[in-house]
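Q: If you want the building blocks of each chain, they are given just below.
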Amino acid sequence: GAVVSQHPSWVICKSGTSVKIECRSLDFQATTMFWYRQFPKQSLMLMATSNEGSKATYEQGVEKDKFLINHASLTLSTLTVTSAHPEDSSFYICSAITAGVNNEQFFGPGTRLTVL
Amino acid sequence: SQKIEQNSEALNIQEGKTATLTCNYTNYSPAYLQWYRQDPGRGPVFLLLIRENEKEKRKERLKVTFDTTLKQSLFHITASQPADSATYLCALDIGTNAGKSTFGDGTTLTVKP
Numbered sequence: 254g255a256v257v258s259q260h261p262s263w264v265i266c267k268s269g270t271s272v273k274i275e276c277r278s279l280d281f282q283a284t285t286m287f288w289y290r291q292f293p294k295q296s297l298m299l300m301a302t303s304n305e306g307s308k309a310t311y312e313q314g315v316e317k318d319k320f321l322i323n324h325a326s327l328t329l330s331t332l333t334v335t336s337a338h339p340e341d342s343s344f345y346i347c348s349a350i351t352a353g354v355n356n357e358q359f360f361g362p363g364t365r366l367t368v369l
Numbered sequence: 103s104q105k106i107e108q109n110s111e112a113l114n115i116q117e118g119k120t121a122t123l124t125c126n127y128t129n130y131s132p133a134y135l136q137w138y139r140q141d142p143g144r145g146p147v148f149l150l151l152i153r154e155n156e157k158e159k160r161k162e163r164l165k166v167t168f169d170t171t172l173k174q175s176l177f178h179i180t181a182s183q184p185a186d187s188a189t190y191l192c193a194l195d196i197g198t199n200a201g202k203s204t205f206g207d208g209t210t211l212t213v214k215p
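From first to last, the protein sequence lines are chains V and L. Residue numbering for the first sequence follows my numbering, beginning at 254 and increasing consecutively. Residue numbering for the second sequence follows my numbering, beginning at 103 and increasing consecutively.
Be aware that a few hints might be false.
From the structure, some residues in chain L lie toward chain V, with a derived Cβ separation under 7 Å [as the list claims (entries may be wrong)]:
1) Y130
2) G145
3) F148
4) D207
No wet-lab data here; the hints were simulated from the structure. C-beta: ideal position from N, C-alpha, C; glycine also.
Throw the hints in and build the complete structure from the sequences for me.
A: Next up, the structure:
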């Protein structure tokens, strides 16, 4: 099956620093990638939709200048949390879809971000 | 307002029994509905997709039903095993923005030996 990787799997950073998370589709080309965040015992909240070569579409309430998304190729999307603060601590998960697979989302393993 | 509700935050059953999880929605007209499994600290894993014109889908020990009149999907795991213990998420897609789904809060299933 299709595999999506994320790097890093966890990161601890100081308040005010920026953190970049990579999402890669390893064995397929992803027409669209999604970024989610998930708080403990809560569901996935969609942050943005990322299409290769175009600007990301952000969900209401998500600051695009805070969460920078770049989808440089059909296999790589990055999420940069700029000037991170403790309230940004969360589990960030990406997913990818490819045309012709019934819109099944293939999820990455997630990245645990802790901002001190 | 749009809402997705999954029954009870937690469900505990005995090994070998059938687990039934519920996903109810309001103010949606989904083109299809998906069920995912999520283990602690991991990303969700796709299990089954059912379209609005389908009543039932099966895959090995899994069965999903979709009643667009009741606005409800049921997810069954037959002959449950301790390895089935996980959180199960339903997700709705209205089909106008390919792949963009809205997730329920999930039900955590524990199968006791």
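Q: None of the hints should be skipped; say for each whether it holds.
A: Now for the hints, and whether the structure bears them out:
1. Y130: Hint violated; L/Y130 Cβ to chain V Cβ min 15 Å, cut 7 Å.
2. G145: Since chain V brings a Cβ to about 4 Å from L/G145, closer than 7 Å, the hint holds.
3. F148: Since chain V brings a Cβ to about 5 Å from L/F148, closer than 7 Å, the hint holds.
4. D207: 4 Å, holds
Hint 1 alone, counting from the list given before, is not met by this structure.
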